[in-house]
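Residue-level listing of the chains:
10 protein chains.
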Amino acid sequence: MPTREEVTNKIQDEKRSRGLSWNKIAEGIGPGSPILYTAALLGQMTLTKSEAENAAKLLGLSEAEAAILTESPNRGSLTTLPPTDPLIYRFYELMQTYGTTWKALIEEEFGDGIMSAIDFEMQIEREPNVKGDRVKIGMSGKFLPYKRY
Amino acid sequence: MPTREEVTNKIQDEKRSRGLSWNKIAEGIGPGSPILYTAALLGQMTLTKSEAENAAKLLGLSEAEAAILTESPNRGSLTTLPPTDPLIYRFYELMQTYGTTWKALIEEEFGDGIMSAIDFEMQIEREPNVKGDRVKIGMSGKFLPYKRY
Amino acid sequence: MPTREEVTNKIQDEKRSRGLSWNKIAEGIGPGSPILYTAALLGQMTLTKSEAENAAKLLGLSEAEAAILTESPNRGSLTTLPPTDPLIYRFYELMQTYGTTWKALIEEEFGDGIMSAIDFEMQIEREPNVKGDRVKIGMSGKFLPYKRY
Amino acid sequence: MPTREEVTNKIQDEKRSRGLSWNKIAEGIGPGSPILYTAALLGQMTLTKSEAENAAKLLGLSEAEAAILTESPNRGSLTTLPPTDPLIYRFYELMQTYGTTWKALIEEEFGDGIMSAIDFEMQIEREPNVKGDRVKIGMSGKFLPYKRY
Amino acid sequence: MPTREEVTNKIQDEKRSRGLSWNKIAEGIGPGSPILYTAALLGQMTLTKSEAENAAKLLGLSEAEAAILTESPNRGSLTTLPPTDPLIYRFYELMQTYGTTWKALIEEEFGDGIMSAIDFEMQIEREPNVKGDRVKIGMSGKFLPYKRY
Amino acid sequence: MPTREEVTNKIQDEKRSRGLSWNKIAEGIGPGSPILYTAALLGQMTLTKSEAENAAKLLGLSEAEAAILTESPNRGSLTTLPPTDPLIYRFYELMQTYGTTWKALIEEEFGDGIMSAIDFEMQIEREPNVKGDRVKIGMSGKFLPYKRY
Amino acid sequence: MPTREEVTNKIQDEKRSRGLSWNKIAEGIGPGSPILYTAALLGQMTLTKSEAENAAKLLGLSEAEAAILTESPNRGSLTTLPPTDPLIYRFYELMQTYGTTWKALIEEEFGDGIMSAIDFEMQIEREPNVKGDRVKIGMSGKFLPYKRY
Amino acid sequence: MPTREEVTNKIQDEKRSRGLSWNKIAEGIGPGSPILYTAALLGQMTLTKSEAENAAKLLGLSEAEAAILTESPNRGSLTTLPPTDPLIYRFYELMQTYGTTWKALIEEEFGDGIMSAIDFEMQIEREPNVKGDRVKIGMSGKFLPYKRY
Amino acid sequence: MPTREEVTNKIQDEKRSRGLSWNKIAEGIGPGSPILYTAALLGQMTLTKSEAENAAKLLGLSEAEAAILTESPNRGSLTTLPPTDPLIYRFYELMQTYGTTWKALIEEEFGDGIMSAIDFEMQIEREPNVKGDRVKIGMSGKFLPYKRY
Amino acid sequence: MPTREEVTNKIQDEKRSRGLSWNKIAEGIGPGSPILYTAALLGQMTLTKSEAENAAKLLGLSEAEAAILTESPNRGSLTTLPPTDPLIYRFYELMQTYGTTWKALIEEEFGDGIMSAIDFEMQIEREPNVKGDRVKIGMSGKFLPYKRY
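If you read the protein sequences in the order shown, they are chains F, Z, E, L, G, B, H, C, S and Y.
Going by full-length UniProt numbering, 37 is the number at position 37 of the first sequence; the sequence numbering is gapless.
Going by full-length UniProt numbering, 12 is the number at position 12 of the second sequence; the sequence numbering is gapless.
Going by full-length UniProt numbering, 138 is the number at position 138 of the third sequence; the sequence numbering is gapless.
Going by full-length UniProt numbering, 146 is the number at position 146 of the fourth sequence; the sequence numbering is gapless.
Going by full-length UniProt numbering, 91 is the number at position 91 of the fifth sequence; the sequence numbering is gapless.
Going by full-length UniProt numbering, 126 is the number at position 126 of the sixth sequence; the sequence numbering is gapless.
Going by full-length UniProt numbering, 148 is the number at position 148 of the seventh sequence; the sequence numbering is gapless.
Going by full-length UniProt numbering, 52 is the number at position 52 of the eighth sequence; the sequence numbering is gapless.
Going by full-length UniProt numbering, 93 is the number at position 93 of the ninth sequence; the sequence numbering is gapless.
Going by full-length UniProt numbering, 102 is the number at position 102 of the tenth sequence; the sequence numbering is gapless.
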């Protein structure tokens with residue numbers, strides 16, 4: 001029985017040898033977000049049963065491997081913290097620079113609570129720019145106020 | 001001569017005792033982003049000379065204190081990592097969950113490189129929603145390809 | 001202007017010199033949970049304006065100190081992790097022993113998601129027992145399913 | 001001879017391929033708590049000899065594997081601390097927020113000592129709620145006063 | 001109002017300037033163990049009200065300072081771990097060398113459970129020896145079996 | 001050629017499949033302490049050549065495996081610190097609570113120096129008690145004064 | 001399908017058994033910098049398709065292995081930090097000694113921003129010297145000013 | 001008597017209130033490198049007696065403060081590692097990306113040894129560039145071969 | 001009452017303002033090793049009563065301060081590990097490079113045991129050399145064999 | 001192709017099964033120091049080509065394995081820091097106790113700089129003593145003054 005990590009590795013191998021892109025795979029899985037689907041294929045989110053079947057067809061996964069994609073993974077995609085990869089580190093740096101600002105402004109607008117990382121969605125797009133294209137990221141998380149009791 | 005940290009503390013005190021909000025202060029500082037201005041007041045970004053003078057008037061800062069706001073700070077707003085405050089932690093959690101996905105999708109779209117955290121801007125807004133309003137965050141960072149040499 | 005930490009220390013001093021208990025103070029603050037109120041007085045939760053006024057009367061706090069109790073604190077009550085105090089460590093140990101079990105059983109019952117630590121409440125009671133009384137703790141947190149998008 | 005970790009992995013595989021749930025397995029093991037049984041199957045608690053035999057029948061374990069389930073494990077189910085998985089992290093966050101409150105209120109009620117994590121039991125239930133069902137957790141641990149000598 | 005740490009420091013100062021020893025102080029506090037009393041004076045255990053009064057007389061403590069000695073301290077006497085002081089480090093080393101042996105032999109004799117560090121007492125004595133005197137330490141902790149439920 | 005770790009694992013397997021106890025094995029090895037022998041079998045102490053031969057007979061070890069038991073191991077039995085296993089953690093907790101007390105009382109009695117963890121011996125016994133039997137531990141280490149030069 | 005790490009190991013083996021040097025290999029790969037090429041072969045940078053083909057010919061790599069060299073690696077070449085190897089540690093020491101000086105002088109010259117580690121290039125040369133030759137390192141990174149918004 | 005850290009802080013205050021730049025100060029200290037002088041003023045290098053006198057005149061330091069600048073400091077300018085400030089972090093990132101490459105190429109050219117961080121010098125310059133000016137850094141350290149004995 | 005740390009700081013101040021060297025001070029304290037005396041003055045070793053009186057005369061210490069020099073300190077002179085100061089780091093590096101070699105050769109010569117760091121002495125001398133003088137260090141520690149019991 | 005770590009392990013196996021000592025092996029390798037040779041065999045230093053051939057003959061190494069012994073290793077012999085093995089830990093403890101003393105005395109004698117750990121040599125000998133033989137260690141490292149520029 002493969003582990004989730006082995007399924008993740010197999011998916012990356014199959015993607016490479018079949019010459020697929022993450023966006024191409026996502027289109028084949030269903031109408032959902034390519035971010036959600038990519039995260040699921042990288043071991044951080046779940047697919048529905050039919051999405052997993054579509055993924056299995058595209059990537060040549062066994063039934064058991066597809067089943068694992070529908071299970072809640074043990075989340076946490078980074079083995080070293082702070083992240084050593086520069087692309088991922090920049091997000092860590094943003095948190096270092098803006099962490100207290102996010103807290104100040106979200107609490108000013110919404111009161112005492114948090115932006116949910118569970119009832120959450122995001123998009124990534126290319127933003128054309130003459131001085132060099134930009135990565136545009138949109139996030140939306142439900143505000144959850146602290147329950148008073 | 002005050003340290004940057006002392007200026008940051010004084011600003012938070014003055015804001016509280018004058019009954020100001022971060023957005024109100026930002027409006028008084030200039031036409032720039034309230035996020036950039038709040039981050040500067042919290043010791044993570046710089047103000048221009050005239051912005052600092054405006055901030056000084058609003059918050060009763062001395063000339064020396066205003067001058068410090070125009071200097072590059074020693075960045076890093078979080079004293080403990082992972083952050084212990086739940087609002088800030090959720091951003092850390094997003095990085096844990098989506099870190100490898102961000103890398104996969106940004107590299108697929110742009111090639112080998114990073115999203116700049118320096119040539120970067122962001123917005124935070126309230127997104128009204130009947131099931132509960134949402135925090136909407138927009139980020140835009142220049143894509144920087146690795147130089148080949 | 002006092003910091004939140006100074007207010008927390010003052011409250012502990014006043015409580016001691018006035019011979020008050022946490023439960024007694026909580027009764028004087030309002031009809032809410034003594035756990036919520038104690039956590040607020042220890043710098044981890046917020047009080048409403050009128051609750052803070054009640055607390056200020058009981059404990060001899062200034063207006064500024066009372067105001068600070070209504071602000072979102074920078075949460076995180078433990079300075080060393082794992083906690084060195086044995087009473088607090090036992091909760092850490094429970095997480096070590098039961099962490100994967102909690103994940104397995106909550107996901108089996110509810111699907112992929114988490115128990116909210118924000119939309120959350122708890123009680124602590126004495127459970128009489130001939131072999132030695134027991135500490136009885138009840139927790140209730142809203143289940144939050146991962147949003148699909 | 002398998003290690004405890006290998007037995008834990010095999011149990012998870014067998015559970016999946018037999019389409020069993022943790023509660024279903026627990027029913028087949030004995031009248032004890034499904035939490036205790038799940039923790040034992042996940043390598044953190046022990047089963048009695050007859051419970052282990054029942055588990056072996058249900059899950060196709062060898063005699064040696066069943067025997068290992070009756071031995072005291074090397075406890076500690078989490079490989080990274082703070083936990084990276086959001087479901088488990090929320091318990092860590094509760095300890096961060098409420099740690100000093102628990103200490104204050106348990107000592108106020110019981111005196112100097114701890115809630116035992118050894119003479120301890122717990123339950124997890126679904127609490128129906130129109131705004132969204134809740135996870136209800138009950139814990140009961142013997143109070144142990146510090147011995148004076 | 002002094003903190004526990006300030007009381008601990010004052011006690012060490014008073015002890016030095018009055019030329020007292022820990023054993024001498026312990027004798028004046030009561031009939032209990034000098035280890036328990038020393039640990040209390042060093043901020044790790046509690047004294048009863050009358051013991052604290054005796055300590056106060058011997059060491060010139062104020063009423064408020066004596067009162068603090070009867071409160072449950074925030075335990076944890078070591079600021080760096082592993083301990084840098086060689087005398088304390090040797091105990092850490094014993095745990096490194098004998099940790100798994102203690103587990104094996106205590107479980108073999110008593111079953112699945114622990115030696116309590118709460119229902120616990122200890123003695124330290126000089127053991128005369130021609131090759132050089134030895135430190136003799138006796139510990140006794142109640143065995144606590146894991147509760148089955 | 002097996003590593004010490006592989007020998008330790010094999011010993012634990014053989015012990016289990018032969019139904020032996022650590023005390024039984026120790027009796028067969030020689031007249032020395034079962035603690036010393038168990039520690040050696042768990043990879044933390046050495047056996048003499050004839051003790052190792054006895055161990056080999058009892059546990060079915062090869063000549064090469066027996067030889068390894070006579071070599072100085074790379075000591076350190078715990079992979080994570082603080083220890084995650086509750087039985088072992090309690091010793092860590094004792095060091096946290098009593099560390100400074102041990103230092104104060106040993107130095108008061110013996111002067112500036114340490115209790116040796118090398119010229120050291122220990123015993124573990126069951127102490128019958130009507131309220132529940134107790135684990136009794138005796139330690140004896142040579143006092144080593146700091147050399148003056 | 002090999003992992004990037006396996007490709008890196010194979011390259012080091014092939015280099016050794018074929019008696020090649022990094023500079024020799026770099027010459028065979030293309031006109032680019034031997035530093036960039038060596039970093040790519042050690043798993044930290046990318047090669048173009050034709051560079052990878054040249055590398056494959058020189059080092060006997062398979063097509064799949066060559067393809068992996070053109071992919072963005074998960075960067076981070078050091079497994080322990082601070083680095084234990086003395087040659088690499090000296091760079092860490094320079095950062096310890098000169099870190100705040102670099103910040104002071106670069107900001108004085110360029111304003112608030114950073115030297116890019118992405119739009120970056122470097123050279124290493126031997127600098128002959130009668131007292132012993134020197135390692136001469138040249139670095140050039142684009143200055144990136146913080147975007148104001 | 002001031003500590004080195006207090007002298008460093010005073011220097012930064014005096015520089016700011018006198019409107020001096022690091023390069024201006026360096027010119028006034030002597031003909032040496034502004035990098036060496038800045039590092040000394042920031043607490044990481046030493047000045048000669050006459051350089052320290054010059055610095056004292058420029059910055060209004062006392063004789064005792066000047067004397068401290070001639071003493072070997074306790075080196076290490078960064079309080080948190082990895083560095084949280086983005087400008088300094090980029091050097092850490094270069095070490096992460098190029099560490100093994102530096103080792104490979106320096107050893108290939110020079111043999112087994114290190115580049116000295118003690119017999120070392122460096123320069124920082126602006127490199128004009130139409131696409132944006134660049135930070136140019138030159139380092140030169142004596143190669144030290146491992147002594148054979 | 002001063003703490004040991006305050007006495008250490010005062011000694012360093014007095015040494016500086018009186019223009020004394022460590023060796024000069026040591027000569028005035030007694031016939032013992034300047035290393036032992038310097039370590040005592042830096043808070044890591046003890047002086048005898050008469051040595052402390054001599055030190056007090058030379059350095060203008062009060063009686064209370066002198067008394068503290070005769071007490072066992074809480075040892076550990078380094079606040080960050082690995083040490084950030086290059087001179088001290090080199091000793092750490094030697095331990096990294098030679099640690100397993102020391103173990104192999106000392107055990108080969110002496111059997112299973114350790115070199116005592118308590119019954120220990122050392123010297124530091126200048127070793128003249130035409131290629132540059134050398135630091136010569138001699139250490140001598142009693143071999144302590146593991147006690148068999 | 002074996003890794004350096006595999007060669008180190010093989011050497012330890014061959015040494016054991018051939019009944020060789022480190023000193024015996026060193027004699028067969030060449031006239032150099034047994035410390036340097038042992039360190040090389042344990043993966044921390046290099047051998048010359050002819051020394052490696054001698055080592056290969058004595059220990060039955062292949063040509064490829066001998067070649068690896070002549071390459072610069074990735075230095076760092078300790079996997080956990082602080083070291084858990086008591087023999088190695090004592091050196092760490094010496095650094096903790098004497099670190100600041102070494103810095104004070106070496107700088108007093110030599111000026112601002114370090115003792116090289118590269119241009120370095122050492123000896124280990126038995127020092128006979130009626131109270132118990134002693135381990136005598138001699139170290140000699142070139143003093144390197146900080147370059148002024």
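No lab work stands behind these hints: they were computed from the structure.
Just so it is clear, CB atoms sit at the ideal spot from N, CA and C, and this is done for glycine as well.
There's no promise every hint is true.
Residues from chain E that face chain L, not an exhaustive set, calculated with beta carbons under 10 angstroms [unchecked claim]: (1) M1; (2) E5; (3) K10; (4) E71; (5) R90; (6) F91; (7) T101; (8) L105; (9) D119; (10) R126; (11) Y149.
Of the numbered hints stated previously, which ones are contradicted by the structure, given in increasing order?
-> 1, 2, 3, 4 and 11
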